[in-house]
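Student: Please work from the sequences and hints to get the whole structure.
Residues per chain are reported as follows:
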Amino acid sequence: MNDETKKGKTRREFLNDVLIGGFGAWMMAILYPVISYLDPPKSKEVKVSQVNIGKSSEIEKNSGKIIRFGEKPVLVIKKNNGEYSAFMAECTHLNCTVQYRKDLGLIYCACHNGKYDLNGKVVSGPPPAPLQKYEVALKGDEVIVYKGEG
Amino acid sequence: MSKEKLHSSSTETGKADSAINKWLDDRFQLAALREFAKHKSVPKFRETIWYYFGGIALLLFLVQVCTGILLVMYYKGTEDSAFESVRFIDAKVNFGWLIRSIHSWSANLMILAIFIHMFSIYFLKSFRKPRELTWYTGIGLLFVTMAFGFSGYLLPWNELAYFATKVGTDITGQVPVVGKFMLTLMRGGADVTGATLSRFFGIHVALFPGIFAIFLMLHLLFIQRQGMSEPEEWAKLDPKEKKTIPFFPNFMLRELLIWLIVINILAVLAVYFPWELGKKADAFASAPQGIKPEWYFLFMFQILKYIPGKVWLFDGEVLGVLFFGVGIGLWVLVPFWDSKIKSGHRNKILTYIGIGIVVFMITFTTIAWIAG
Numbered sequence: 001m002n003d004e005t006k007k008g009k010t011r012r013e014f015l016n017d018v019l020i021g022g023f024g025a026w027m028m029a030i031l032y033p034v035i036s037y038l039d040p041p042k043s044k045e046v047k048v049s050q051v052n053i054g055k056s057s058e059i060e061k062n063s064g065k066i067i068r069f070g071e072k073p074v075l076v077i078k079k080n081n082g083e084y085s086a087f088m089a090e091c092t093h094l095n096c097t098v099q100y101r102k103d104l105g106l107i108y109c110a111c112h113n114g115k116y117d118l119n120g121k122v123v124s125g126p127p128p129a130p131l132q133k134y135e136v137a138l139k140g141d142e143v144i145v146y147k148g149e150g
Numbered sequence: 001m002s003k004e005k006l007h008s009s010s011t012e013t014g015k016a017d018s019a020i021n022k023w024l025d026d027r028f029q030l031a032a033l034r035e036f037a038k039h040k041s042v043p044k045f046r047e048t049i050w051y052y053f054g055g056i057a058l059l060l061f062l063v064q065v066c067t068g069i070l071l072v073m074y075y076k077g078t079e080d081s082a083f084e085s086v087r088f089i090d091a092k093v094n095f096g097w098l099i100r101s102i103h104s105w106s107a108n109l110m111i112l113a114i115f116i117h118m119f120s121i122y123f124l125k126s127f128r129k130p131r132e133l134t135w136y137t138g139i140g141l142l143f144v145t146m147a148f149g150f151s152g153y154l155l156p157w158n159e160l161a162y163f164a165t166k167v168g169t170d171i172t173g174q175v176p177v178v179g180k181f182m183l184t185l186m187r188g189g190a191d192v193t194g195a196t197l198s199r200f201f202g203i204h205v206a207l208f209p210g211i212f213a214i215f216l217m218l219h220l221l222f223i224q225r226q227g228m229s230e231p232e233e234w235a236k237l238d239p240k241e242k243k244t245i246p247f248f249p250n251f252m253l254r255e256l257l258i259w260l261i262v263i264n265i266l267a268v269l270a271v272y273f274p275w276e277l278g279k280k281a282d283a284f285a286s287a288p289q290g291i292k293p294e295w296y297f298l299f300m301f302q303i304l305k306y307i308p309g310k311v312w313l314f315d316g317e318v319l320g321v322l323f324f325g326v327g328i329g330l331w332v333l334v335p336f337w338d339s340k341i342k343s344g345h346r347n348k349i350l351t352y353i354g355i356g357i358v359v360f361m362i363t364f365t366t367i368a369w370i371a372g
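Residue numbers (this note's numbering), protein chains in the order written: chain A, 1 to 150; chain B, 1 to 372.
These are calculated hints, taken from the structure and not from any lab test. Heads up, a few of these hints could be off.
[Claimed, not checked] In the EDC-like style, the derived pairs of lysine to aspartate or glutamate whose C-alpha atoms are separated by at most 16 angstroms in a straight line are:
| no. | chain 1 | residue 1 | chain 2 | residue 2 |
| --- | --- | --- | --- | --- |
| 1 | A | Lys139 | A | Glu83 |
| 2 | A | Lys78 | A | Asp117 |
| 3 | A | Lys65 | B | Asp282 |
| 4 | A | Lys72 | B | Asp282 |
| 5 | B | Lys279 | B | Asp80 |
| 6 | B | Lys348 | B | Glu232 |
| 7 | B | Lys15 | B | Asp25 |
| 8 | B | Lys180 | A | Asp39 |
| 9 | A | Lys55 | A | Asp39 |
| 10 | A | Lys47 | A | Glu60 |
| 11 | B | Lys280 | B | Glu159 |
| 12 | A | Lys79 | A | Glu58 |
| 13 | B | Lys44 | B | Glu233 |
| 14 | A | Lys72 | B | Asp191 |
| 15 | B | Lys44 | B | Glu232 |
| 16 | A | Lys44 | B | Asp191 |
| 17 | B | Lys240 | B | Glu255 |
| 18 | A | Lys42 | B | Asp338 |
[As the list claims (entries may be wrong)] Here are some chain B residues pointing at chain A (derived, C-beta under 10 angstroms):
| no. | residue |
| --- | --- |
| 19 | Gly189 |
| 20 | Arg199 |
| 21 | Gly327 |
| 22 | Asn347 |
Small disclaimer: the values here were computed from a predicted structure and weren't measured. Ideal placement from N, C-alpha and C gives every residue a C-beta, glycine not left out.
Tutor: Here it is as structure tokens:
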């Protein structure tokens, strides 16, 4: 027996290996297309460079508004002094959409009590990183939100 | 049944029954099955009450299948029409509100019944050799049921469901290495959209019932093959001292009576506390205040609030995922590590761990509930 195994594989062992290998390859041939099918095709994202959100005179001070920036929600805040700031509205913790809380003067995520200041920095709660900043510019009375370089 | 007895049966129905029995017996040889049914029994002791909960979970699963089939007749699984179709079921379809309410309540009661069943098996130590595989298939059933709950929750496409799915899938995205791929696979893209809804609808009505059926078949097969688990103290008893109830018909009739009670509870809940639909999901609205997941995810949800953003070098949410991953993994593998504990304190240690987990879950669920 030992001599036989030393010499090499028996015909039975060889056929077993071929069968197992063949079965593995067959499984791969099924699984690969299935997994690839489930991975959604990359759809062409419409590149949005800026969004006009309306007239500044019509936006209340000390208020926040979610706007659609391409496929993403962006939170635009008009502060008490009339200045604007804008952030990606998805909480950096677990992806919920944040809101501006007038009463707290903070950006707040209702899902897990995350709080950010008006510069997007984490004040308290579980978010691990600040909110991504967007830029706001005024063209006459029109408020334009655009993506900063950072 | 002997021929003499067959002929002696006096009534016409009796004759017809016997004829059918004989016809079946000739073809399927049912004698062995009848013999098996005659000897099937359930231990009668202080804790027998817990033996009914697996059956309750089974009943509620059957309710889910029936009401689910009815809901599919009107439900439309697309972003534009999901919410409207559920509102249509609620408002226009005859008894639509009742069917949907029963489906939602029964789903929750089913999870409760499975939890009670699982903890009773744990505390009675029925998962021990030779029933390890029954435990593992049972855990499989719990996981599939929770996945049923999670996927079904999104289908009405309302605000609460939308954010619960965002958070739930994002948690999957935190899993090291495969997380991002899993997230895309679940969402059908980078965000929760109509593509996610289509996927969830598909797996909720086609994939999960199939997986559930396989686990359920194995679970029941193992139980039939090994018989009901007896309390550990019985090992020392003489067979004559062991009190049992015959399964057919005694235990079965009691179980049916309990099923009747559960159906009544379900009906009262569904009628007096109809399941709300809420507001339609809007991807460009903030998460509403007081948002929280279904009660069975509440304790995890509350813990996630406490873990800070960064713990030393690690992201808090990754640590949270790892914490629950390891905890659940250990719980699942209890038949494995329990067998390694020395027999002296084995039962006590296990009971204390179990009590600790139950207290932990109830405490954080209550805190989340009160915090609103």
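Student: Each hint should be assessed against the structure and marked as holding or not.
Tutor: We went through each hint and held it up to the structure:
1. Lys139/A x Glu83/A: Answer holds: Lys139/A to Glu83/A is near 14 angstroms, not above 16 angstroms.
2. Lys78/A x Asp117/A: holds (13 angstroms)
3. Lys65/A x Asp282/B: holds (14 angstroms)
4. Lys72/A x Asp282/B: Judged against 16 angstroms, a Cα distance of about 12 angstroms means the pair holds.
5. Lys279/B x Asp80/B: Satisfied, since the Cα-Cα distance of roughly 14 angstroms is no more than 16 angstroms.
6. Lys348/B x Glu232/B: holds (13 angstroms)
7. Lys15/B x Asp25/B: holds (15 angstroms)
8. Lys180/B x Asp39/A: Answer holds: Lys180/B to Asp39/A is near 11 angstroms, not above 16 angstroms.
9. Lys55/A x Asp39/A: violated (42 angstroms)
10. Lys47/A x Glu60/A: Not OK: Lys47/A and Glu60/A at ~29 angstroms, beyond 16 angstroms, violated.
11. Lys280/B x Glu159/B: holds (6 angstroms)
12. Lys79/A x Glu58/A: With Cα atoms ~14 angstroms apart, Lys79/A and Glu58/A stay inside 16 angstroms; holds.
13. Lys44/B x Glu233/B: Given that 16 angstroms is the threshold and the Cα spacing comes to 13 angstroms, the pair holds.
14. Lys72/A x Asp191/B: holds (9 angstroms)
15. Lys44/B x Glu232/B: Between Lys44/B and Glu232/B the Cα gap is close to 13 angstroms, so the pair holds against 16 angstroms.
16. Lys44/A x Asp191/B: Status holds; Cα separation ~14 angstroms.
17. Lys240/B x Glu255/B: Status violated; Cα separation ~25 angstroms.
18. Lys42/A x Asp338/B: Roughly 48 angstroms separates the two Cα atoms, so the pair is violated.
19. Gly189: Gly189/B check passes; min Cβ-Cβ to chain A is 5 angstroms, inside 10 angstroms.
20. Arg199: holds (9 angstroms)
21. Gly327: The hint is violated - Gly327/B has no Cβ within 10 angstroms of chain A, the shortest such distance being about 18 angstroms.
22. Asn347: violated (38 angstroms)
In summary, the numbered hints that this structure violates are 9, 10, 17, 18, 21 and 22.
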